[in-house]
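Enquirer: Here the sequence shown is numbered in our numbering, starting from 1 and rising by one per residue.
Since the hints were derived computationally from the structure, they do not count as laboratory data. You can trust all of the hints, since none of them are fake.
Here are the simulated EDC-like pairs of lysine to aspartate or glutamate, each with C-alpha atoms no more than 16 Å apart in a straight line: (1) 52 with 114; (2) 52 with 173; (3) 52 with 10; (4) 52 with 136; (5) 52 with 21.
Quick list of simulated restraints, FRET-style, between CB atoms: (6) 21 with 147: 34 to 40 Å; (7) 12 with 56: 22 to 28 Å; (8) 178 with 11: 20 to 26 Å.
Even for Gly, the Cβ is constructed at its ideal location relative to N, Cα and C.
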Amino acid sequence: STATVTAATDLASNPGIINIDLSNSGGSYFRIGTSAGTILGAGVTTATWIVKLTNLSTAGNTYTIRIGMSNTTSATAPTAGCYFVYTHSVNSGNWQIENIGAGTTTANTNTAADTNYHTFTVQVNAAASSVAYLIDGVAVNVSPLVANIPTTGIGPQVHFTRAAGTPTGLKIDLLLFTVALTSARPG
1 STATVTAATD LASNPGIINI DLSNSGGSYF RIGTSAGTIL GAGVTTATWI VKLTNLSTAG
61 NTYTIRIGMS NTTSATAPTA GCYFVYTHSV NSGNWQIENI GAGTTTANTN TAADTNYHTF
121 TVQVNAAASS VAYLIDGVAV NVSPLVANIP TTGIGPQVHF TRAAGTPTGL KIDLLLFTVA
181 LTSARPG
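Kindly produce the complete structure, drawing on both the sequences and the hints.
Expert: In structure tokens form, the structure reads like this:
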């Protein structure tokens, strides 16, 4: 797929914002991040993204976006991950949270997607037995999820797949990815 990345200047207080637009109609995707660099369970693992959707998904301009950590390297949905997911046709356009490991656990946050900047945080505890989800620093109503936490490699990602419509995209201000190791690194 083809995406155009440009500098965005809509917030003077937030230098370094990038604007990402898909340049093809329908069937396009892009992802930003790594796909399999982290195995959960070595310490508290946190991925924080500050993102703004430039347009909401609609029947004529349909897309799905996932923000958090996953393993996908193509337009297909991840087979492992912990992330927020949005499209207009699921749960009235509310953000959902999803863990994919041995199976899939999905929960509706009852938080409607919009076109403002938001901070999305996915935090896995040190034992990889619980995943907390926060929007703008506040835990969503169904957080944490404790089932289907991935045991294979994942990495911080924004994954955007457009099924139909004209070019659209998003703005990304920040990615902060940390692993607070429980034990010191060998060597």
